[in-house]
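In order, the protein sequences belong to chains A and B.
The numbering used here applies: residue 60 is where the first sequence begins, and numbers increase by one.
The numbering used here applies: residue 60 is where the second sequence begins, and numbers increase by one.
Check the hints yourself; a few may be wrong.
Which copy? The list can't say, so a pair holds if one copy fits it or any two copies do.
Calculated cross-link-like contacts (lysine-lysine; reagent style DSSO-like; alpha-carbon spacing at most 27 Å) [claimed, not checked]: (1) 502 with 434; (2) 502 with 237; (3) 237 with 382; (4) 502 with 379; (5) 382 with 282; (6) 282 with 204; (7) 282 with 379; (8) 434 with 105; (9) 237 with 379; (10) 237 with 302; (11) 382 with 502; (12) 434 with 237; (13) 105 with 382; (14) 105 with 302; (15) 237 with 204; (16) 382 with 434; (17) 302 with 434; (18) 204 with 307; (19) 434 with 307.
The hints are simulated quantities; they were obtained by calculation from the structure and are not laboratory data.
2 protein chains.
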Amino acid sequence: MPYRAPVADIQFLLTHVVGYDQVASTDRFAEADADVAAAILTEAAKLCDEVMAPLQRNGDLHPARLENGVVRTSPGFGEGWAAIAEGGWVGMSGSPDYGGMGLPMTLAAAVNDMMSGACLSLQLAPLMSQGQIEALEHHASDALKDLYLPKLISGEWTGTMNLTEPQAGSDVGALSSKAEPNGDGTYAITGQKIYISWGDNDFTDNVCHLVLARLPDGVPGTKGISLFLVPKYIPDENGNPGKANDLKVVSLEHKLGLHGSPTCVMQYDGATGWLVGAEHGGMAAMFTMMNNARLGVGCQGIGSAEGAYQHALAYALERKQGKTPVSGTGTIADHADVRRMLMTMKAETFTARAIALSCAVAIDLGNATGEAEWKARAALLTPIAKAFGTDTGNEVSQMGLQVHGGMGVIEETGAAQYARDVRVTAIYEGTNGIQAMDLVARKMMDGGEAAMRLIDEIQAQAERARATMPDLAEPVWEAAETLRETTEWLVEQSDMTQRFAGAVPYLRGFARVLGGHYHLAAALADADGPHAALARFYIARLLPDHAGQLAHTRAGADGLYALGVDDLAA
Amino acid sequence: MPYRAPVADIQFLLTHVVGYDQVASTDRFAEADADVAAAILTEAAKLCDEVMAPLQRNGDLHPARLENGVVRTSPGFGEGWAAIAEGGWVGMSGSPDYGGMGLPMTLAAAVNDMMSGACLSLQLAPLMSQGQIEALEHHASDALKDLYLPKLISGEWTGTMNLTEPQAGSDVGALSSKAEPNGDGTYAITGQKIYISWGDNDFTDNVCHLVLARLPDGVPGTKGISLFLVPKYIPDENGNPGKANDLKVVSLEHKLGLHGSPTCVMQYDGATGWLVGAEHGGMAAMFTMMNNARLGVGCQGIGSAEGAYQHALAYALERKQGKTPVSGTGTIADHADVRRMLMTMKAETFTARAIALSCAVAIDLGNATGEAEWKARAALLTPIAKAFGTDTGNEVSQMGLQVHGGMGVIEETGAAQYARDVRVTAIYEGTNGIQAMDLVARKMMDGGEAAMRLIDEIQAQAERARATMPDLAEPVWEAAETLRETTEWLVEQSDMTQRFAGAVPYLRGFARVLGGHYHLAAALADADGPHAALARFYIARLLPDHAGQLAHTRAGADGLYALGVDDLAA
């Protein structure tokens, strides 16, 4: 049972749960109606199932490697990239002015999700380009846009993000890479960057690096950082790759997973770069790219969960072991505990996907309508989509491994690869701890208004559902009330340490309540069908977790530092 | 900051939490008083810190391999084994009649825990021998005991367990290995066994396999299975390894972790074996070995958690990143979310260790006094010790990886190794799902009596603590009450599927409440000290999780099978 991109699940979510019709009813996305969305998803699914999924094991077994300074990619990855590029998938949400499809972020998120389930290490390459495309569209000069965007959108060239340095990880402001004006409008970039995903490849003509560096008059910290576009080959007068730039791949990391994706240490030795955005305005430009990438990484987690779930289900439906308790398949899928795991995997993947697609819908509506409320909704949901999506990828892939029993740790089955590959998604693009801190601090600077508006909607739906589905509606309403009280407590805390101490459980508790909301919406739309059955499972068994998470949150920082370093090490 | 075996933590637990004084006050273990225990732990810690911990990376980087049918172990592992054997650690709880130290299981569990944190893949070798020693002591003939026990206890020879076959994993009764009487009191064993940990090595003179197989008149299922001792080399008249037996290592598995431990596919081709226990009584004998091994595997999880915690703490205390919110170390350990992770790791490791040591105390008291109540306590706690210990190993090592940020997935740091190595402990010796099913079925055949007796003790301590520590005592009492109600619901379910559906969350909820109990005991003994501070953290932030787990349990199997296979795969 090979991977099959979950087109039907996604279409159900778009139609019945996350309100995609609102997106299609805007002028901007009027062409992307339900029929177009269906066609897009079906076409992308073919690519996922037939081209990308068969590459998944290749990347693990034959990692990208560095040969004489050049990255050699895993077998088939070049052909895989070509197919992605030819289908127009790199630029699916890119501007039509530069060859993009101009599709809503919602569809891009759905396609990223499906591709991630097929082959995560390869999917990371277009994801990086997409972030760069969006950053250039918003912040680059017209000259840079005209030169680079068509090449990036067509997939002739790829893009990367260069933020991290050894001493500057979560604290980007500590970076020490330098940019010196060359006097001709270009800059000389010098420094070392680490963790550069897809920092090089052997299947495109050029690799374009977006690099954060500090100008000579840049102040310390994030306010003195500027963003530069630094291509591997400097375009000649015809826009074709010309002279090699003064940069190189120093080494590739030896990682737990994602072996098909080369993670590069990059060295810039006075490499020629072009400013993107304003001088010292690098962080603003980078945030455009990172917000896109955060949702994208959340979708990586969700796709990984989907892939791991399908893989485990296929194993369970073949494996016979012991007397099964109900007349059914006669396989281990009939054992109550295995069924619990499979149902949990499916219910959690649904939840994470609904959050990510809701976030994408809010982004699209914010862009299409300019309404502040949609923008605030998108900002609120982005850290939840990233962190809960990738936590779900990790937990579901670990559960999938567990379903395999002893075979789960035997690498040949591929179960462990899902768990290894997805692990880093909870770390990169801002660790999930950073996401949670973003949620309780920056995203609550409105005094919790955006959060409360969403909680109102959750309770309003629960009230509407009370007459027909009281067993589902009541627990969701109550959970939302606990979330409301916890949110009120949170915004009252002026000491950020109080908020940060419970940030991760708050984000998780919030996601739990959102899960109840979206499962209830699904049940309302499919009252006698499988979505209602899955909603019942989630609301009875997984939703109760919100109470423990939110109690943890309200404990704040009291006593958190009561153990000294000596006690911690004792 | 290299690994340091947690001697002080374990001594505190023995003295103040798990009642080790009761063990030392029995006639049988009168010599193992607190001073002896301290000396034993201190001596074992030296071995862990100085000999075993330096081997941890070797095992990962230079896996055991099969060369021309012979296993070659990782560099240094032979010397490591020799040091373990010379210290008498293989036979620490073995009978003094055969050269063992005759120490309580409680101290053996503590030493296994400490060794697992130092080097899990090597520690698995003595753990396997210990299980075999106990099985032979209880079930083998005097002739077999006289011949094998001294060699196993001294570490001259090693022991293995051979249960699993490709079609017979959790369902051991499905095995097809055969035993034919040779007419001289020995048997010819034929069949293939998989997942045989330490199935061979290049550092002992012999490897003794305990093999489950079926005699010609054995009925299908577990009741027709017998246990045989099948040595790699057949002892000659002087008891020295003689002629090679008709068995071989076919291959080694390519695993996610534990690379230093060779996991063998074993082939028996009419190999000579000796019956252990009665004909068709193999499962009884095997259960002796497995109960020992289940506690031992729980300790592997706990030790791994300890190692991963120390490793992450050391990293956190070196890494500076961002402005920290409190005056303190100036490292990331001061960030509230990192501190939350470190405190969680420490509190969870404490909980898992307290459960395992309590289980070991109950085993020792059962053995020393013969009292049924202690035996029932041991039987009740064994699956919890195994499953919660290994879940904790997995969760804490994943959290340790997360503390490392991007460095967590870079293999050179070693953080990922902890997570990879410990993963299988949640699967082998009975998956954690099987442990939970054991808890809610077999261990509740007394109508919940043993569980209720423990819950009574938990509430009695909470009542005693109410006057001095109400903030800690009250939540523990309430949580125990919820556990009591859930246990009552559970034992009322005559349909085992209802119990099995919530078995895993029940076990976890039970462990959560036990954690509250043991943390409260620690707080009572150290009212103004770090143990009380850790207890406050646990009871405010982690104990609330019990409610969600137990609500999940009480949902039973209702609707669990509502999705058909087509729906699951949709």
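So, going through the hints one by one against the coordinates:
1. Taking the shortest Cα distances, residue 502 and residue 434 sit within 27 Å of each other inside one copy (11 Å), while across copies they are farther apart (55 Å).
2. For a Cα distance limit of 27 Å, the shortest separation of residue 502 from residue 237 qualifies neither inside one copy, at 32 Å, nor across copies, at 66 Å.
3. Taking the closest pair of Cα atoms, residue 237 and residue 382 come within 27 Å of each other only across two copies (22 Å); inside a single copy the shortest separation is 67 Å, beyond that limit.
4. With identical chains, the CA atoms of residue 502 and residue 379 are at most 27 Å apart between copies only, with a shortest distance of 25 Å across copies and 49 Å within one.
5. For the identical chains of this complex, residue 382 and residue 282 are inter-copy neighbours only, at 15 Å across copies versus 65 Å inside a copy, given an alpha-carbon limit of 27 Å.
6. When the C-alpha separation of residue 282 and residue 204 is checked against a cutoff of 27 Å, the pair qualifies only within one copy, where the shortest distance is 25 Å, while the shortest distance between copies is 75 Å.
7. Only between protomers do residue 282 and residue 379 lie at most 27 Å apart by alpha-carbon distance; the minimum there is 20 Å, versus 61 Å within a single protomer.
8. In the homo-oligomer, the alpha carbons of residue 434 and residue 105 never lie at most 27 Å apart, since the shortest distance is 33 Å inside one protomer and 59 Å across protomers.
9. Only between protomers do residue 237 and residue 379 lie at most 27 Å apart by alpha-carbon distance; the minimum there is 21 Å, versus 61 Å within a single protomer.
10. Proximity of residue 237 to residue 302 under the C-alpha cut-off of 27 Å is restricted to the intra-copy arrangement: shortest distance 22 Å within a copy versus 72 Å between copies.
11. Proximity of residue 382 to residue 502 under the C-alpha cut-off of 27 Å is restricted to the inter-copy arrangement: shortest distance 20 Å between copies versus 52 Å within a copy.
12. Within a single copy, residue 434 and residue 237 get their C-alpha atoms no closer than 34 Å, and across copies no closer than 69 Å, so neither meets the 27 Å cut-off.
13. When the C-alpha separation of residue 105 and residue 382 is checked against a cutoff of 27 Å, the pair qualifies neither within a copy, at 39 Å, nor between copies, at 48 Å.
14. Taking the shortest alpha-carbon separations for residue 105 and residue 302, neither the intra-copy value of 38 Å nor the inter-copy value of 60 Å comes in at or below 27 Å.
15. With identical chains, the CA atoms of residue 237 and residue 204 are at most 27 Å apart within one copy only, with a shortest distance of 24 Å there and 73 Å across copies.
16. Proximity of residue 382 and residue 434 under a CA criterion of 27 Å is satisfied in neither setting, with 54 Å inside one chain copy and 29 Å between copies.
17. In this assembly of identical chains, residue 302 and residue 434 lie within 27 Å of each other by CA distance neither inside one copy nor across copies; the values are 42 Å within and 78 Å between.
18. Taking identical chains as interchangeable, the C-alpha atoms of residue 204 and residue 307 lie at most 27 Å apart only when both belong to the same chain, with a minimum of 24 Å there against 66 Å between chains.
19. Taking the shortest alpha-carbon separations for residue 434 and residue 307, neither the intra-copy value of 39 Å nor the inter-copy value of 66 Å comes in at or below 27 Å.
In this structure, the hints that do not hold are numbers 2, 8, 12, 13, 14, 16, 17, 19, in rising order.
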